[in-house]
Amino acid sequence: MKMLPSRLLVLIALALPSAAAAQRSDPVYVEDRLNQLQQAITLLTGQIEQLQYRNQQLQQQMEKMQTDYDFRLEQLEKGRPGGAARPPAAPAVPAAPSSPPPQAMAHPPAGAAAAAGGDQLYHDAFKLLQDGDYAGAEKGFKAFVQRNPQHVLAGNAQYWLGETYYARRDYQNAMAAFAEGFKVYKASPKGPDNLLKLGITLAALGRKSDACSVFARFNQDYPRATDLQKRRIDQERQKNGCG
Amino acid sequence: MNKRFDMMLPRRRTIIGGVALAAAGAAAPARAQLTIDMTKPSFEPVPIAIVDFAGDKVGADIAGVIRNDLQSSGLFRTIPPSAFIQRDINPNAPPRFADWRGIGAAGVVVGQVTQAGGNIKVDFRLWDVVVGNQAAGLSFNSQPANWRRLAHIIADAIYKRVTGEEGYFDTRVAYVSETGPLNQRVKRIAIMDQDGANNRYLTDGRTIAITPRFSPTLQEIVYMAYGEDRSTPPRVYLQNVESNRRELLGNFPGMSFAPRFSPDGTKVAMSLAQDGRTNIYEMDVRGRGLRRLTNTSAIDTSPSYSNDGTQIVFNSDRGGTQQLYIMSASGGAEKRISFGDGRYATPVWSPRGDYIAFTKITGGSFGIGVMRIDGSGERLLANGFLVEGPTWAPNGRVLMYFRQQPNSGGRAGSVTLSAVDITGRFERQVPTQTDASDPAWSPLIPQ
Chain A
-19 MKMLPSRLLV LIALALPSAA AAQRSDPVYV EDRLNQLQQA ITLLTGQIEQ
31 LQYRNQQLQQ QMEKMQTDYD FRLEQLEKGR PGGAARPPAA PAVPAAPSSP
81 PPQAMAHPPA GAAAAAGGDQ LYHDAFKLLQ DGDYAGAEKG FKAFVQRNPQ
131 HVLAGNAQYW LGETYYARRD YQNAMAAFAE GFKVYKASPK GPDNLLKLGI
181 TLAALGRKSD ACSVFARFNQ DYPRATDLQK RRIDQERQKN GCG
Chain B
6 MNKRFDMMLP RRRTIIGGVA LAAAGAAAPA RAQLTIDMTK PSFEPVPIAI
56 VDFAGDKVGA DIAGVIRNDL QSSGLFRTIP PSAFIQRDIN PNAPPRFADW
106 RGIGAAGVVV GQVTQAGGNI KVDFRLWDVV VGNQAAGLSF NSQPANWRRL
156 AHIIADAIYK RVTGEEGYFD TRVAYVSETG PLNQRVKRIA IMDQDGANNR
206 YLTDGRTIAI TPRFSPTLQE IVYMAYGEDR STPPRVYLQN VESNRRELLG
256 NFPGMSFAPR FSPDGTKVAM SLAQDGRTNI YEMDVRGRGL RRLTNTSAID
306 TSPSYSNDGT QIVFNSDRGG TQQLYIMSAS GGAEKRISFG DGRYATPVWS
356 PRGDYIAFTK ITGGSFGIGV MRIDGSGERL LANGFLVEGP TWAPNGRVLM
406 YFRQQPNSGG RAGSVTLSAV DITGRFERQV PTQTDASDPA WSPLIPQ
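Quick mapping for you: the protein sequence lines, in order, are chains A and B.
For the first sequence, counting from 1, position 64 maps to 44 in the numbering used here; every step adds exactly one.
Going from the second sequence to the numbering used here is simple: count from 1 and add 5.
In short, the hints are calculated from the structure, not lab data.
A virtual CB, placed ideally from N, CA and C, is assigned to each residue, including glycine.
Be aware that a few hints might be false.
[To be verified] Simulated restraints, written as ranges between beta carbons of each label pair: (1) A/Y9 <-> B/L187: 37 to 45 Å; (2) B/N188 <-> A/M42: 51 to 59 Å; (3) B/G358 <-> A/Q110: 27 to 35 Å; (4) A/Y33 <-> B/S87: 54 to 62 Å; (5) B/K340 <-> A/E11: 41 to 49 Å.
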């Protein structure tokens, strides 16, 4: 069974040159080939048009989805945890104001790249914060920042540290923590929220003019902040009668 | 206020005045149920009463033409004169509004005809019954023979006042008149008013003539006709509508077909067949210079210019099936826009520029549809055994096309013209004296 095809192949190979040469000079053969090529081109043209169209559709869908995801992630990250999007009047109701909702854990994915030990400490502290154990969370975040000041999550930990005080209406310590966060981790992903919260805390302490000057520098320091954050700044400026 | 109207027919001034009539009643601007938004998903036709115009017996004929125009649009419901309560209406004074409210009219049209030195003067007023004031009023002078055009112009004014869109009643339709048995069909180019009146033939029927298309001034049409003997291929001709003088538009060895004027009338795009390939060319009407616009080995045909003249939509089977493509009017930048199931043919760009109408063939069935110029938002407005060849009313809100019914044997039967608005809600047959196909709707007749 195996021998036969290879023998045939040899025969065909031997026969081919002369036959092909004869065919090529035949105008009917040439025209036939041209027609075949024409048909192939037509087919390909149609397929390319369809693929281009499909590709364009997919691209549009992707862009739409991307915008949607960005919006949702922003809402998750900026809006809900830490009460950043809540009015400062909220602390009047104890416990409720700054406890991050269970779904709102905005662990930056970069954490995975960091040392496992540091990560664990951060996550434990975050869990405590979620559970409303602000004192425990305070200790955890403080320890994390002290041990890993260069960690990608250090800016986040500093911010949440401030939140543990803020939630307990310890505005003095909250202000110190947020001020430290602004000084050291200005470029952190939590930077804009941290500055916003610093202003809110200053206002809560009755230092309105300081709060206003903090709000005033927000757009300059964070020109790429989200619309939501910018709106929050505008609201706070209005609320505190900043000029 | 005195607007001069140029005439449509050469060397004869037809309509020599269009004067706004001062309001005879209250002055507040009218607005209420005497308006209609045709883009809304559902609406009730506006009930309107058109009183026979006073002063001359042609007044009743004028009112009849206006009624027929408005009713045919699907946007109006004309109230039959037998239902009218007020019979002693004075064309120059406000009607008794209560009498007209009583029969459910939202508007009343009154008018009068007066003789003026061999001409007739026609005034009309549209009264808003709901608000109780005058919504429109105009006066025209013309030769008595032009009374139908005056009626159409008045119907256009009422349509515009009520819908906010330009009217389309003062227009003509060129079409292919079909007579004789199916195997020996005589196909002649005919031209008529939009409502079927004033029908006349532009070709004698000795050879088959098809695809008539208007120049923007309506002075000429282009069409394709077969040669008198079999050795001459079908070719594109240019014919003056008044003198009937016709000339060949370029002497090509192969067949030339599917001609269409550019919006400014200086060019005609058409297909030329050569060596088994059909490409689109543009001919300069005055200098007869020819320029190739497409270059495929497939069949590119049915070119139609965009309303601004910068682009052309056409169909091509370069990708294996007939699809719609858009290109620059000077050629190049070709882009396919149709991607639905089936084949697409005879695209026409809306005079408003917002849609492209087409014939769609899916499986064995035909449809008339529209899509936006990027190919999105495709909608079918009519379908059937055979519907084909859409053409736009000048306001871009109504399409005319032809419809063939199967005969008793299930094969091609009689052919008629139909019209449908672009919501697809209101389809009607357009009256013709013979079987008719391939209509071309003219722009508004220049006044």
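Hint check:
Taken as a hint, the range 37 to 45 Å holds for the pair A/Y9 and B/L187, whose Cβ atoms sit roughly 43 Å apart. The supplied range of 51 to 59 Å is met by B/N188 and A/M42, whose beta-carbon atoms lie about 57 Å from each other. For B/G358 and A/Q110, the hinted distance range of 27 to 35 Å is not satisfied, since their beta carbons lie about 58 Å from each other. Take A/Y33 and B/S87: their Cβ atoms lie about 58 Å apart, and the range 54 to 62 Å holds.
Judged by the Cβ atoms, the range 41 to 49 Å given for B/K340 and A/E11 is violated: they are separated by roughly 32 Å.
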